[in-house]
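Novice: Next come the chains, spelled out residue by residue.
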Amino acid sequence: MLFFLILAVTGLILNHGAWLGFDGRYVHAGWLARWYGIQSEAPREAFRSGHHVLVAANGRWLLDGKISGERLPQPVGLIELADIFAVASETALYLFRDDGELIEKLERGALPGAPVQAIGSSARGIVLRTASGIFTSADALSWRPLTQRSVLWSAPAELSVAQRQAYEEALTPGVSVQQLLLDLHSGRFAGRYGPVFVDLLALLLAAVSLTGAWLFLVPRLHRGRH
Amino acid sequence: MNWRPRRSLALLMLALGAAAAGWVRGEVYQEPDAFVAEVFGTRPEAKVLWLTKDIQAQAAAILGHPPAQLRQRYWSDAHRSVWILEEIGKEEFITAGFVVADGRIEHVRVLVYRESRGGEIRYPAFLKQFRNSKLAPDNTLDRSIDGIAGATLSVGAMERMARLALFFDRMSRQ
Numbered sequence: 002m003l004f005f006l007i008l009a010v011t012g013l014i015l016n017h018g019a020w021l022g023f024d025g026r027y028v029h030a031g032w033l034a035r036w037y038g039i040q041s042e043a044p045r046e047a048f049r050s051g052h053h054v055l056v057a058a059n060g061r062w063l064l065d066g067k068i069s070g071e072r073l074p075q076p077v078g079l080i081e082l083a084d085i086f087a088v089a090s091e092t093a094l095y096l097f098r099d100d101g102e103l104i105e106k107l108e109r110g111a112l113p114g115a116p117v118q119a120i121g122s123s124a125r126g127i128v129l130r131t132a133s134g135i136f137t138s139a140d141a142l143s144w145r146p147l148t149q150r151s152v153l154w155s156a157p158a159e160l161s162v163a164q165r166q167a168y169e170e171a172l173t174p175g176v177s178v179q180q181l182l183l184d185l186h187s188g189r190f191a192g193r194y195g196p197v198f199v200d201l202l203a204l205l206l207a208a209v210s211l212t213g214a215w216l217f218l219v220p221r222l223h224r225g226r227h
Numbered sequence: 003m004n005w006r007p008r009r010s011l012a013l014l015m016l017a018l019g020a021a022a023a024g025w026v027r028g029e030v031y032q033e034p035d036a037f038v039a040e041v042f043g044t045r046p047e048a049k050v051l052w053l054t055k056d057i058q059a060q061a062a063a064i065l066g067h068p069p070a071q072l073r074q075r076y077w078s079d080a081h082r083s084v085w086i087l088e089e090i091g092k093e094e095f096i097t098a099g100f101v102v103a104d105g106r107i108e109h110v111r112v113l114v115y116r117e118s119r120g121g122e123i124r125y126p127a128f129l130k131q132f133r134n135s136k137l138a139p140d141n142t143l144d145r146s147i148d149g150i151a152g153a154t155l156s157v158g159a160m161e162r163m164a165r166l167a168l169f170f171d172r173m174s175r176q
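Note that the protein sequences, when read in sequence, are chains B and R. The first sequence finishes on residue 227 if you use our numbering, and the numbering steps up by one all the way, no holes. The second sequence finishes on residue 176 if you use our numbering, and the numbering steps up by one all the way, no holes.
None of these hints come from the bench; they were simulated from the model. Model, not experiment: these values are computed from the prediction. Where a beta carbon is used, it is the ideal one built from N, C-alpha and C, also for glycine. Keep in mind that the hints are not guaranteed to be accurate.
Stated by the list, open to error - Computed far set for chain B versus chain R, every beta-carbon distance over 10 Å:
#1 53
#2 106
#3 109
#4 148
#5 159
#6 161
#7 167
Unchecked claim - Facing chain B, a subset of chain R residues (Cβ under 8 Å, in silico):
#8 33
#9 34
#10 35
#11 47
#12 48
#13 50
#14 71
#15 73
#16 90
#17 116
#18 117
#19 145
#20 147
#21 151
#22 155
Using the sequences and the hints, build the whole thing.
Specialist: Right, dumping it as structure tokens:
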């Protein structure tokens, strides 16, 4: 009974995942990650700048104590300016308002060069060190080469063992809801023989339906002949 | 298929990790930069539209969710504006370029497609439906867009982005 319920519910949710808001969602649980054999990495370092702290691991960011998105790149630095702060990865620059709201994510075409190797701040604004040189911008719209060298570069700070453990728990890798539902529905969640078990249940259900129909129809057919 | 979930998901997670690291960028049909340069002949300076509370509310109504960021980059001359937008189809972002001229969509192109299914939305036969479309008073398109079997969510994402491009164009000219 439970198995049929799982099949029915997972099937329904799979068909209406978008409407139910499950698409793009992830489930984060240590036991689930271990069950799926996903290696969880503990963060080794944090980026700190003024009022903001960023710790990243397993494609997730813990930004000022809040989880920020999924499948995010490993940051290379964090800087704070007057009323904004910025996080750089090798391929993107994220500008945030002071309250943590994303102003804009800049990717390849909007960056002065790639990969971004470091982010810093100067009197002129944001500074990026890229493979093509060092560039600065006040608004992250237009970039110019930086000649003066008084830049405060963002550098990571090592985390203690206790901090790593605490952050690792917060940054547990996720399994997509879509994947989880598919595995539950197909039986793969239970391992190699799960799909075989689901197949047997399907055959059993078919047999029950056919024998039920037989038991219902045959007496009526006999009665009709007499 | 005798895949254990551990193994299959470990592979999936590897792919996701690679995507996160920027190794896998989806199917790139044209770099956004190249699209802008193709429209204008050269690459003009980018401008930004700040999404005020009112614009955010209207954009959220179009998208069905709040816009991801507070400012939107675009490129324009006297008549045309170019918007590079991203929206999730089912699980992944679709990046598309929209050229808006005089309040109507002049040209659409799918620039990056990351979903595993539904890539047919990049074909001209589908995209030409958007040509000359404009916003109706309720911020919907003035025409219906025919879907593609198996690409329903991607088609929906394209339609939402088309409406958003037209809406942003209107806001940028106020």
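Novice: Against each hint, give a clear statement of whether it holds in the structure.
Specialist: Verification of the supplied hints:
1. 53: Non-interface label on residue 53 of chain B holds, nearest chain R Cβ at 17 Å vs cutoff 10 Å.
2. 106: violated, 6 Å
3. 109: violated, 7 Å
4. 148: holds, 22 Å
5. 159: holds, 22 Å
6. 161: holds, 26 Å
7. 167: Consistent with the label, residue 167 of chain B stays out of reach of chain R, its closest Cβ about 22 Å off (over 10 Å).
8. 33: holds, 7 Å
9. 34: holds, 5 Å
10. 35: With a minimum Cβ separation of about 4 Å from chain B (threshold 8 Å), the hint on residue 35 of chain R holds.
11. 47: At about 7 Å, which falls below the 8 Å cut-off, the nearest Cβ of chain B leaves the hint on residue 47 of chain R intact, so it holds.
12. 48: holds, 6 Å
13. 50: Interface hint status for residue 50 of chain R: holds (7 Å vs cutoff 8 Å).
14. 71: holds, 5 Å
15. 73: With a closest approach of 5 Å, the residue 73 of chain R hint holds.
16. 90: With Cβ-Cβ at 6 Å, under 8 Å, it holds.
17. 116: violated, 11 Å
18. 117: Cβ of residue 117 of chain R sits 11 Å from chain B, so the hint is violated.
19. 145: violated, 23 Å
20. 147: violated, 17 Å
21. 151: violated, 15 Å
22. 155: holds, 6 Å
The structure fails hints 2, 3, 17, 18, 19, 20 and 21 (numbered hints given earlier, in ascending order).
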